[in-house]
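> Whole structure, please, built from the sequences with the hints as guidance.
Protein chains in written order, with numbering that gives the first Met the number 0: chain A, 0 to 229; chain B, 0 to 229.
It is possible that some hints are incorrect.
Any copy will do: because identical chains look the same in the list, a pair fits if it lies in one copy or spans two.
[Stated by the list, open to error] DSSO-like cross-link-like pairs, simulated, lysine-lysine; straight-line CA separation at most 30 Å:
| # | residue 1 | residue 2 |
| --- | --- | --- |
| 1 | Lys210 | Lys186 |
| 2 | Lys75 | Lys210 |
| 3 | Lys76 | Lys210 |
| 4 | Lys80 | Lys210 |
| 5 | Lys210 | Lys73 |
| 6 | Lys186 | Lys75 |
| 7 | Lys186 | Lys73 |
| 8 | Lys186 | Lys80 |
Honestly, the hints are just simulated from the structure, not real lab data. What you are looking at is a predicted structure, and each value in this text was computed from that prediction instead of being measured.
2 protein chains.
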Amino acid sequence: MRPSVFFYLTYALCVCLGLLCLLFVTYWNSHWRGGFSWDGSALQFNWHPVLMVSGLVVLYGNAAVVYRAPFTWKQKKNTWKLVHAGLMLLALLLSILGLCAVFDFHSGSHIPDLYSLHSWVGICTVVMFTFQWVLGLAGFLFPCSTTWFRSTLKPVHVWMGKAILVLSLTSCISELKYPTDHNTEAKFANSLGILTVAFGLVVFGILSRNKWQRPDTDSESVHVSMDARQ
Amino acid sequence: MRPSVFFYLTYALCVCLGLLCLLFVTYWNSHWRGGFSWDGSALQFNWHPVLMVSGLVVLYGNAAVVYRAPFTWKQKKNTWKLVHAGLMLLALLLSILGLCAVFDFHSGSHIPDLYSLHSWVGICTVVMFTFQWVLGLAGFLFPCSTTWFRSTLKPVHVWMGKAILVLSLTSCISELKYPTDHNTEAKFANSLGILTVAFGLVVFGILSRNKWQRPDTDSESVHVSMDARQ
Chain A
0 MRPSVFFYLT
10 YALCVCLGLL
20 CLLFVTYWNS
30 HWRGGFSWDG
40 SALQFNWHPV
50 LMVSGLVVLY
60 GNAAVVYRAP
70 FTWKQKKNTW
80 KLVHAGLMLL
90 ALLLSILGLC
100 AVFDFHSGSH
110 IPDLYSLHSW
120 VGICTVVMFT
130 FQWVLGLAGF
140 LFPCSTTWFR
150 STLKPVHVWM
160 GKAILVLSLT
170 SCISELKYPT
180 DHNTEAKFAN
190 SLGILTVAFG
200 LVVFGILSRN
210 KWQRPDTDSE
220 SVHVSMDARQ
Chain B
0 MRPSVFFYLT
10 YALCVCLGLL
20 CLLFVTYWNS
30 HWRGGFSWDG
40 SALQFNWHPV
50 LMVSGLVVLY
60 GNAAVVYRAP
70 FTWKQKKNTW
80 KLVHAGLMLL
90 ALLLSILGLC
100 AVFDFHSGSH
110 IPDLYSLHSW
120 VGICTVVMFT
130 FQWVLGLAGF
140 LFPCSTTWFR
150 STLKPVHVWM
160 GKAILVLSLT
170 SCISELKYPT
180 DHNTEAKFAN
190 SLGILTVAFG
200 LVVFGILSRN
210 KWQRPDTDSE
220 SVHVSMDARQ
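Below you can see the structure in the form of structure tokens.
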């Protein structure tokens, strides 16, 4: 099988799993949790899982692999840097909106913030993501960024990108927990968890395969060609 | 700073975080959960988190990075393959013992098995780990293994290795959840969760940095030198 065919099959699996995650998280919250609203009630809380899975998992994962599609390799890298940064910004905004949903709900229901492991890991993820996005913008899109800064930043950016995905998966799974129920909702929510993890592992698979790495042509990559191949 | 100094500092951080994970999980279960026993009671269950964190996280993470220490690069790769396989086998045995602890406890207390997302992800992790170990033994240690098989297996082995670590972190965090408590035990258990994730991210950092990759000298690596650099 040609490498690009194998890539597109894997990418199709990644897209299907991502869409299933969105479908499952939306159906779960609309069918069993009462639907959506933005009024400080539990219905506002329901936006939290939907926005976090959409932004911090599905959109983030897709944005992470945009450079890997072989059809993009003949196009200018700067175009795809902008697509990558744009999708990541959208993912970040959805995540921040997801945090607003839960903070508003806590405030309306007098529930304290940031008391659980889920919230600790989750807030670390979004802070790290914000830091990564700003640093990525400064290093890879600002024209005044130096080659030294870009080449130093690139392996850190690659590692932090994977770390954020690990953190977002762990924080998602830590909250999708129905240990004592055996009903349909519990099984459905657990299946969403499995789908989320499966999506993350496929994204890791795409990122790990160096044959699918965009050939290095631009200045910072020449300097860090070894580190970029991660 | 010389690359090897940076490696050993990062590795020291990895070892310290791993030891802290072991200390925290043991203290948590002995101080707040009543200690340990092997009699089908809740005290047998307490072995579960200790054995899983020891085997599937700390020992697994350390076994994954053994090839990275620069002092091993001048030594025979086969020696370090055996160290890697031996440590992984120990990690696998501890994990299986950790599963026995929880199945025995469920059996003694008439609790059904495999009903939660934690158990679904956890059992997938151990099954995948077993599969990975057997395949690794057949591919990289059996003398009759062909070069084609080794070179095909290597990128899969590298990806599955990372996938298992992601799964073990998510399954650990999914069970360390004290959402409604604000007491010292909850904070302590949550801190164990943060330590576990931090340990995992440092292991990912070591694995992601190609400067710390053992130079390829053996036969299968020549064929897959690009894929091995992951």
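> Each hint should be assessed against the structure and marked as holding or not.
Hint check results:
no. : hint            : verdict
1   : Lys210 / Lys186 : neither (38 Å within a copy, 44 Å between copies)
2   : Lys75 / Lys210  : both (19 Å within a copy, 28 Å between copies)
3   : Lys76 / Lys210  : both (17 Å within a copy, 25 Å between copies)
4   : Lys80 / Lys210  : both (20 Å within a copy, 25 Å between copies)
5   : Lys210 / Lys73  : both (16 Å within a copy, 28 Å between copies)
6   : Lys186 / Lys75  : neither (45 Å within a copy, 49 Å between copies)
7   : Lys186 / Lys73  : neither (45 Å within a copy, 52 Å between copies)
8   : Lys186 / Lys80  : neither (39 Å within a copy, 41 Å between copies)
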